[in-house]
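With the hints as your guide, set chain B onto chain A.
Chain order of the listed sequences is A and B.
With the working numbering as the guide, the letters of the first sequence map in order to residues 1 to 333.
With the working numbering as the guide, the letters of the second sequence map in order to residues 1 to 333.
Derived from the structure by calculation, the hints contain no laboratory data.
Accuracy of the hints is not assured; some may be wrong.
The list cannot tell twin chains apart, which means a pair is met if one copy fits it or any two copies do.
Said to hold, decoys possible - Here are the simulated DMTMM-like pairs of lysine to aspartate or glutamate, each with C-alpha atoms no more than 20 Å apart in a straight line:
1. LYS252 - ASP314
2. LYS2 - GLU223
3. LYS282 - ASP25
Number of protein chains: 2
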Amino acid sequence: MKKFINHLDNVLVESLSGFAAAHADSVTLHLDPHFITRKNKAVNKVAIISGGGSGHEPLHSGYIGVGMLDAACPGHVFTSPTPDQMLLAAEAAHADKGILFIVKNYAGDVMNFEMAAEMLPFESATVLTSDDCAVINSTYTNGRRGVAGTVIVEKCVGSLAETGANLQACKALGDKVNSRTASIGVALTSCIVPAAGRPTFNIDDNELEMGVGIHGEPGRRRETMREADAIVRDCVDAILTDFKTRNFEPNKHEALLLINGFGATPLMELYLIYNTAAKLCKQQGIQISRSLVGNYTTALDMAGASVTLCLLDDEIKQHWDSPVHTAGLRWGS
Amino acid sequence: MKKFINHLDNVLVESLSGFAAAHADSVTLHLDPHFITRKNKAVNKVAIISGGGSGHEPLHSGYIGVGMLDAACPGHVFTSPTPDQMLLAAEAAHADKGILFIVKNYAGDVMNFEMAAEMLPFESATVLTSDDCAVINSTYTNGRRGVAGTVIVEKCVGSLAETGANLQACKALGDKVNSRTASIGVALTSCIVPAAGRPTFNIDDNELEMGVGIHGEPGRRRETMREADAIVRDCVDAILTDFKTRNFEPNKHEALLLINGFGATPLMELYLIYNTAAKLCKQQGIQISRSLVGNYTTALDMAGASVTLCLLDDEIKQHWDSPVHTAGLRWGS
Numbered sequence: 001m002k003k004f005i006n007h008l009d010n011v012l013v014e015s016l017s018g019f020a021a022a023h024a025d026s027v028t029l030h031l032d033p034h035f036i037t038r039k040n041k042a043v044n045k046v047a048i049i050s051g052g053g054s055g056h057e058p059l060h061s062g063y064i065g066v067g068m069l070d071a072a073c074p075g076h077v078f079t080s081p082t083p084d085q086m087l088l089a090a091e092a093a094h095a096d097k098g099i100l101f102i103v104k105n106y107a108g109d110v111m112n113f114e115m116a117a118e119m120l121p122f123e124s125a126t127v128l129t130s131d132d133c134a135v136i137n138s139t140y141t142n143g144r145r146g147v148a149g150t151v152i153v154e155k156c157v158g159s160l161a162e163t164g165a166n167l168q169a170c171k172a173l174g175d176k177v178n179s180r181t182a183s184i185g186v187a188l189t190s191c192i193v194p195a196a197g198r199p200t201f202n203i204d205d206n207e208l209e210m211g212v213g214i215h216g217e218p219g220r221r222r223e224t225m226r227e228a229d230a231i232v233r234d235c236v237d238a239i240l241t242d243f244k245t246r247n248f249e250p251n252k253h254e255a256l257l258l259i260n261g262f263g264a265t266p267l268m269e270l271y272l273i274y275n276t277a278a279k280l281c282k283q284q285g286i287q288i289s290r291s292l293v294g295n296y297t298t299a300l301d302m303a304g305a306s307v308t309l310c311l312l313d314d315e316i317k318q319h320w321d322s323p324v325h326t327a328g329l330r331w332g333s
Numbered sequence: 001m002k003k004f005i006n007h008l009d010n011v012l013v014e015s016l017s018g019f020a021a022a023h024a025d026s027v028t029l030h031l032d033p034h035f036i037t038r039k040n041k042a043v044n045k046v047a048i049i050s051g052g053g054s055g056h057e058p059l060h061s062g063y064i065g066v067g068m069l070d071a072a073c074p075g076h077v078f079t080s081p082t083p084d085q086m087l088l089a090a091e092a093a094h095a096d097k098g099i100l101f102i103v104k105n106y107a108g109d110v111m112n113f114e115m116a117a118e119m120l121p122f123e124s125a126t127v128l129t130s131d132d133c134a135v136i137n138s139t140y141t142n143g144r145r146g147v148a149g150t151v152i153v154e155k156c157v158g159s160l161a162e163t164g165a166n167l168q169a170c171k172a173l174g175d176k177v178n179s180r181t182a183s184i185g186v187a188l189t190s191c192i193v194p195a196a197g198r199p200t201f202n203i204d205d206n207e208l209e210m211g212v213g214i215h216g217e218p219g220r221r222r223e224t225m226r227e228a229d230a231i232v233r234d235c236v237d238a239i240l241t242d243f244k245t246r247n248f249e250p251n252k253h254e255a256l257l258l259i260n261g262f263g264a265t266p267l268m269e270l271y272l273i274y275n276t277a278a279k280l281c282k283q284q285g286i287q288i289s290r291s292l293v294g295n296y297t298t299a300l301d302m303a304g305a306s307v308t309l310c311l312l313d314d315e316i317k318q319h320w321d322s323p324v325h326t327a328g329l330r331w332g333s
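Looking at chain A on its own, in the form it has when it is part of the complex (with noise of 0.2 Å):
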């Protein structure tokens, strides 16, 4: 294992410093426990806290700010934080509207969140995130896991509360987000957890998995490597049954087209994936009106990348679009 690190305890601690200390104008750390919050708290809004097992950065972190999250709790490297984690940062960020929390469906996740809600003095709601279609119930998952497609809802349902909506509409619209949302990932490589000091999974040179989780765990089925167009075609087709199985047509909306790297692939490529799934969906009668495409839910070192299509309404274009100041994901004024 090669990576800039000092001692394996560490790791999060000096990499959440980094991060704070890169962007002390906007956010504020909290160690012991820890969590993050936006610098300058906002007031009379639904708070919006996210957070889980570290390893995927930008996310959650990385979308604190206006228009974004409140506060973000990171757990250690593919581990949940833990309940007290989310109460103080729900402490620190509410602002007398309620907390809503964004939850990646992974169990130790919604167990320790539900922890929290059931102990939290104000009000609280969930948008549980689950929009990976590669399998049902997987390594640490009831029910589809909660990948790339978890940005979508948090962008959305950040700029929603901006406008002072209360907890119910915050609520709504996130799930509207999460079932109008579809991603499926390939890896090319394992990622390695730095205290594991190994592989997470074995893959040979000449193959790939197919519907990879953002830890590294199983998909569909490992295949053998073969031409970006097919692999990406064999993404853009299972998410495309998806949304028939869930009675969507997606020809009859417009869509924004994600492609996620997951930490180790080249901007180079993500485009080269971005030119074909963005032809596949157009053969479809899909139109692309919206796009972001690089690392924004990642899995450490892992080679590979998802493909994620979020059929918009007028309502969602509206949230997409509104200005954005994080780390992560910035625009507007």
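Showing chain B alone in chain A's frame:
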């Protein structure tokens, strides 16, 4: 070699096409010869044009847009673009106040941009970037190499050009930023150039290359892998020594600290590197008042990172902070 590609001959065009499609609101792709321009051509300003071998994305195409570049000329992977690309880009982007080429100091790039400048029917000037303090003369270079500091040059010069400043002023600012910037990189793994299909260099599991170039060129020395703090200390020491050689006293300036990933290094590690580098700078009395952490000048799928320090003054700060609207760097209104 496992990469998301189809036929080797088409990697560049397919990737550029994906880039142009994903950012269709802001850029226009021209093929044969290849160059990319802003979709909405600027008026009455110096046109800022960069270019170089592909594989360093988002450099340079990702920096086209208001506040930064007017056009970029992508060569094949790690290969200089040709004068016809530069000539056509200049003709397309020319906005009545001359052309400023920003060129990383590699022999092929320098020669081809010089040829283009000689053939141009417009007034032109060139800023050569040479921020890499690792080595003088290298595989592809006479003199110092231009690396991640080029992003800072492009940002500041692009900002000044938007104000209507003349060609001489833009060149002077570019030269000043370059003269106040120093970088050094470390590789943990080699990159793989698609056309070669194998690693550019061999490196053992317990080794790092200190001072590596962004094409995998040799650096100062091969070293035994160490903890991050020790590696980063050597990088910061090299940069501070370089500034002293150039008669700067870094502790008398505010500075911008850029931690740049080479393509396969997780953001979590880049922030850990930032944490150490910022502390070391502070110990030396240097006030880090601006920061940038992420993949901004990559080397395909190389695992590694570079440290860049730019000594600020009021003019550089103003132009760094000004709005920028590109795929790779975006802030302000």
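Hint check results:
Taking identical chains as interchangeable, the C-alpha atoms of LYS252 and ASP314 lie at most 20 Å apart only when both belong to the same chain, with a minimum of 13 Å there against 52 Å between chains. For the homomeric pair LYS2 and GLU223, the shortest alpha-carbon distance between copies (13 Å) is at most 20 Å, but the shortest distance inside one copy (27 Å) is not. For the homomeric pair LYS282 and ASP25, the shortest alpha-carbon distance between copies (17 Å) is at most 20 Å, but the shortest distance inside one copy (42 Å) is not.
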